[in-house]
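Listed below are the residues making up each chain.
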Amino acid sequence: MSIIYTPLPIELVLDGIDKEGPPYQEIEVGGAKLLVEQQSMDKCRVVRLISTNPADYLRSEFQPGTELKFVPQFTSGETEGEYLV
Amino acid sequence: MSEFEWTRFPGGDNTGKPHTINPELPGQPGIAPNPDILIPQEPGTVEPDAPGVHPEPGEEPQRIRKTKQGINKKGDINTIKELGQITMPQTKTNIHCLPIVGQIEGHMVLPPQNKTTKYEHMIPQLVALEENPEIEGVLIILNTIGGDVEAGLAIAEMITSMSKPTVSLVLGGGHSIGVPVSVAANYSFIAETASMTIHPIRLTGLVIGVPQTYEYLDKMQDRVVNFITRHSKVTDQKLRELMFRTGELARDIGTVLIGKDAVDCGMIDEMGGISSAVAKLNQLIEQRRNTGGLVQ
Chain A
1 MSIIYTPLPI ELVLDGIDKE GPPYQEIEVG GAKLLVEQQS MDKCRVVRLI STNPADYLRS
61 EFQPGTELKF VPQFTSGETE GEYLV
Chain B
1001 MSEFEWTRFP GGDNTGKPHT INPELPGQPG IAPNPDILIP QEPGTVEPDA PGVHPEPGEE
1061 PQRIRKTKQG INKKGDINTI KELGQITMPQ TKTNIHCLPI VGQIEGHMVL PPQNKTTKYE
1121 HMIPQLVALE ENPEIEGVLI ILNTIGGDVE AGLAIAEMIT SMSKPTVSLV LGGGHSIGVP
1181 VSVAANYSFI AETASMTIHP IRLTGLVIGV PQTYEYLDKM QDRVVNFITR HSKVTDQKLR
1241 ELMFRTGELA RDIGTVLIGK DAVDCGMIDE MGGISSAVAK LNQLIEQRRN TGGLVQ
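Heads up: the sequence lines are chains A and B, in that order.
Our numbering applies: residue 1 is where the first sequence begins, and numbers increase by one.
Our numbering applies: residue 1001 is where the second sequence begins, and numbers increase by one.
With the rest of the complex left out, here is chain B:
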């Protein structure tokens, strides 16, 4: 359906029809055949390592070690409390992740066939991440096709003004308004195959009749361009050159940067995956601890 889809099925499934699930279908994941049984998995079929399953009594010492490590420097009383839990073992992490997928949805509710990340979810989450002392770093994972300019810039400003280390990782795509969001982090990564489309803001289907309309769009463009140049190593001149390049996109002017291209032009800091992103985040957390940003 879109130019970004690559499927062997003709036509695609994104018909915009309401999503209906037939409860009678036998192969549906998560539906127990008997309506009386409401457990998600049969007790016998789960692997012993699966989360939420209690380890065998023989594995207990290993679990204690894991738990102690997980709640580092919180004291022995907490360790005992942790062991006394009957429910699934809580894995405490000091890194939280912020997945940004599909369209970034802002002032307007988009039609249901769009997958969206909503700003009314993201902004309170960012506030909670900044405020929670147990969270020491934030990993932003992007696979976005763009979206609302103001929502994207709001999220980008929130990320960049956080006092905690942030690392972004672009996977799949970080197009249009995804660019300021990805450069907003302290350090940014892009996967080798991920792409970022740089193109001008436009009002499709609307004829620019008066100079004021053009001026307005130009101002909106400057907001995005200025944010990107302030938070990455790409220059204003280079970014505008990429943005207004002709002959690269079939339906538009602009450029698609794939993996290394985004690093070469200075927009993204490094090429890498999840392991390098987490390692970098841990390094930034360590730095912040050492410089006295975080007590305890």
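Looking at chain A on its own, in the form it has when it is part of the complex:
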């Protein structure tokens, strides 16, 4: 059992628990976690950045609303650069 400790009325917190939320996905780009909304086969839009590095929040390609494109890339073990802005 989980106890929710909040000054908000519990009915507000649990309102809509039977509804489905927006279909966001988590992807990892260059060491930072991004919450994105897929728009088409190869495109997504940044909704939220989850990172502890303050510098990540200054990167223009991580700003919420930015469109990212998935591009297949062949690299030698490097995971960075799997996206193209």
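Honestly, I wouldn't trust all of these hints.
Straight-line C-alpha distance at most 25 Å; calculated SDA-like pairs for lysine to any residue [what the hints assert, rightly or not]:
hint	chain 1	residue 1	chain 2	residue 2
1	A	33	B	1102
2	A	19	B	1102
3	B	1118	A	47
It is worth saying that the hints were derived from the structure and are not from the lab.
Could you slot chain B onto chain A? The hints should help.
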């Protein structure tokens, strides 16, 4: 919608409807009008100082100085490597931040109209911060409305058991389970306008029928109270007095502490903003270096 909202729009937008964005809308930020153009900003419109933009050739010496400072004591080879980068200049920082916003989400996935900070994100982040030798201090920024007791206490225990200096800053609100998280840091700050609600744990809508239920809730309450009193200067007696005070909250018993009140009762160390929090963190980092906690 909630008692914490202050807006000139009647009704509010937090309807719990799924978040949909119309791609045809012209004013949407970040959407290029032409689908072929996928750059976030037009090349001509960016300011030269904006991150990710290469400085003019004339500004090069300044940039070298900045870079050297940024990667302090890592040697010249690294400096040259840094200058050779074609992508945006990496600003290396020894302080990382941990924003805790909305509800702290734990064992239960909350409905989508809640903004949440999830423990499956926070706990690995805290592990990474503890383990990464380049990170010397952690700044915890809170604007939380509370949330899951166990998730909040887990995060608070993680923060308090870190070997690196931690400083917390309460902005906006640090309510309920946000209190143990904010006092978990080595040093805590609160903004002048920020508030912290102290109230008892309860199970809304559930009738306490048996003494065991009450005992259980009381134990959960003690976990939170003990953590707060162990990690701040507030006494158990004072905290319980604040928690069970009547006549302050409209729908509940308890107290709202605003800025200075939280400092006066000993819960938070100091009133201040981001500059004082970063200055304190840098001071703690310096202390830790001098006492030999960190070699190099």
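Hint check:
1. Of the pairs offered as hints, the one joining residue 33 (chain A) and residue 1102 (chain B) holds, with about 18 Å between alpha carbons and a cut-off of 25 Å not exceeded.
2. Straight-line distance between C-alpha atoms of residue 19 (chain A) and residue 1102 (chain B) comes to about 19 Å, which keeps the hinted pair within the 25 Å bound.
3. With a CA separation close to 16 Å, the supplied pair residue 1118 (chain B) and residue 47 (chain A) stays within the 25 Å bound.
Consistency with the previously given hints is maintained throughout, with no hint failing.
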